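One-letter residues, chain by chain:
There are 2 protein chains.
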Amino acid sequence: MNSELNKPLILITNDDGAEAPGIYVLTRLMMQIGDVVVVAPDGARSAQSNALTVTHPIRFNKIEEREGLLRYSCTGTPTDCIKLALNEIVEYQPDLIVSGINHGSNSAINVIYSGTMGAVLEGCENGILSIGFSISSHSQDVDFTNFEPYVLQITREALKNGLPYGTCLNINAPNGTINGIRISRQCDGQWVKEFEKRTDPQGRSYFWLTGYFENHEPEAEDTDEWALLNGYISIVPTKIDLTAYEAMETINKWEF
Amino acid sequence: MNSELNKPLILITNDDGAEAPGIYVLTRLMMQIGDVVVVAPDGARSAQSNALTVTHPIRFNKIEEREGLLRYSCTGTPTDCIKLALNEIVEYQPDLIVSGINHGSNSAINVIYSGTMGAVLEGCENGILSIGFSISSHSQDVDFTNFEPYVLQITREALKNGLPYGTCLNINAPNGTINGIRISRQCDGQWVKEFEKRTDPQGRSYFWLTGYFENHEPEAEDTDEWALLNGYISIVPTKIDLTAYEAMETINKWEF
Chain A
229 MNSELNKPLI LITNDDGAEA PGIYVLTRLM MQIGDVVVVA PDGARSAQSN ALTVTHPIRF
289 NKIEEREGLL RYSCTGTPTD CIKLALNEIV EYQPDLIVSG INHGSNSAIN VIYSGTMGAV
349 LEGCENGILS IGFSISSHSQ DVDFTNFEPY VLQITREALK NGLPYGTCLN INAPNGTING
409 IRISRQCDGQ WVKEFEKRTD PQGRSYFWLT GYFENHEPEA EDTDEWALLN GYISIVPTKI
469 DLTAYEAMET INKWEF
Chain B
229 MNSELNKPLI LITNDDGAEA PGIYVLTRLM MQIGDVVVVA PDGARSAQSN ALTVTHPIRF
289 NKIEEREGLL RYSCTGTPTD CIKLALNEIV EYQPDLIVSG INHGSNSAIN VIYSGTMGAV
349 LEGCENGILS IGFSISSHSQ DVDFTNFEPY VLQITREALK NGLPYGTCLN INAPNGTING
409 IRISRQCDGQ WVKEFEKRTD PQGRSYFWLT GYFENHEPEA EDTDEWALLN GYISIVPTKI
469 DLTAYEAMET INKWEF
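From first to last, the protein sequence lines stand for chains A and B. Going by my numbering, the first sequence opens with residue 229, and the numbers climb by one from there. Going by my numbering, the second sequence opens with residue 229, and the numbers climb by one from there.
Worth double-checking, as some hints may not be accurate.
Heads up, the list lumps identical chains together, so a pair's fine if it works in one copy or across two of them.
In silico DSS-like pairs for lysine-lysine, Cα to Cα no more than 27 Å straight-line [as the list claims (entries may be wrong)]:
| no. | residue 1 | residue 2 |
| --- | --- | --- |
| 1 | 481 | 425 |
| 2 | 425 | 235 |
| 3 | 235 | 290 |
| 4 | 425 | 388 |
| 5 | 421 | 388 |
| 6 | 290 | 421 |
| 7 | 481 | 235 |
Just so you know, these hints were derived from the structure itself, not from any lab. Fair warning: this is a prediction, and the values are worked out from it, not measured in the lab.
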């Protein structure tokens with residue numbers, strides 16, 4: 229890879245796979261900012277969270293090389309992609325890791341299931357500026373046009389300002405008109421009625437994951453869900469330290 | 229299930245599979261406290277994080293039924309097990325979800341990769357008191373004897389006191405003598421040299437996940453890693469809200 233001096237090195241992955249429309253858009257945009265290496269799963273790995281492949285080995289294959297762009301597909305999860313890229317593919321540490329653009333929102337509790345955000349948490353864990361981009365539509369034909377200038381603007385601001393240690397960004401866009409940006413917190417809520425039960429030709433039951441998200445605080449205007457429902461892009465600063473510091477004192481009073 | 233009045237209902241899972249030694253120990257212990265339903269993966273699902281099965285359906289099968297105990301195996305991930313149990317198996321909401329006892333520590337950043345802790349976060353997300361137990365040995369022959377009275381004591385204290393909303397517990401024990409309990413925070417550190425490269429008989433490269441954990445703050449005495457290395461059980465109160473609240477003001481100053 230012949231990087232020009234002062235051009236940032238940007239590592240891209242996703243969880244929809246190397247051939248998903250969203251990652252092509254993100255790659256095109258990032259090539260306006262820096263040299264790009266894509267290491268993305270060789271197929272859909274949605275809802276893979278921070279899963280790692282431990283029971284069998286993984287591989288990667290170069291699928292494209294041109295000025296300013298190297299693309300690889302990988303047989304693992306999004307988190308595997310980042311680990312493999314950092315350990316075995318890129319020659320020096322990327323300035324930025326971006327993941328997406330995911331087809332489907334990763335707002336609220338979805339952040340803990342998302343493979344897109346799994347890769348972002350992994351980048352952050354490695355001390356690299358990391359951002360996840362998602363759009364609130366699962367359609368393969370979703371129109372990213374309105375989101376694109378914001379993706380560029382947010383990325384440039386992130387590269388200029390950096391982020392606090394252990395912090396990454398979870399960015400979600402509404403599908404359609406965009407009214408602006410809101411710095412938000414992760415909305416409280418939960419998925420309900422999560423399975424559809426069916427019966428196979430042998431009479432045995434099987435279960436498909438489905439359900440819908442129930443917002444526990446629909447009135448709160450500072451959440452990512454509120455932002456999306458009101459036409460704003462939500463930016464949730466997200467951390468990899470899950471410690472509930474505020475609970476430590478309470479538990480210290482337990483009788484052991 | 230014929231629950232006695234006032235006996236808590238305890239749901240158990242793990243990521244080592246329904247037949248792992250650790251889950252048998254945990255089941256035996258929990259039967260001293262309440263009625264137990266086990267819904268565990270039908271094989272090893274280590275490092276599955278909060279992964280969900282979305283590309284194919286899942287199933288469960290009853291594998292044992294006796295007084296105070298129902299056991300099921302499930303074809304999904306640990307998080308799938310909890311979702312399926314809550315939606316399709318238990319008749320009312322469990323008082324407690326416990327996961328483990330995991331063969332291998334889930335301290336420090338391992339919390340985000342762990343299937344054991346994925347199930348715990350899922351229980352917590354559903355508003356249920358949830359605890360993960362792990363021991364610092366991957367051996368199938370690991371001796372849980374020293375840990376057992378602590379598992380019972382911590383569980384009883386948790387049932388008595390409850391936990392703050394959105395908070396669960398990540399509990400790790402050293403392998404061997406136990407000096408006591410430390411309420412700890414998630415240690416900062418990272419995995420390095422993460423892959424072993426091999427060549428297959430066709431001359432193509434493949435990569436096994438391996439590596440070792442590098443502690444970034446070995447002197448700090450308030451971390452889970454310090455506790456384990458000094459013979460203490462670590463209890464890390466852990467949250468499902470990943471928002472980096474302290475970073476929101478900074479990002480609000482960015483130029484959008």
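Check: Against the structure shown, which of the earlier numbered hints fail to hold, in ascending order?
Finding: 1, 2, 4, 5
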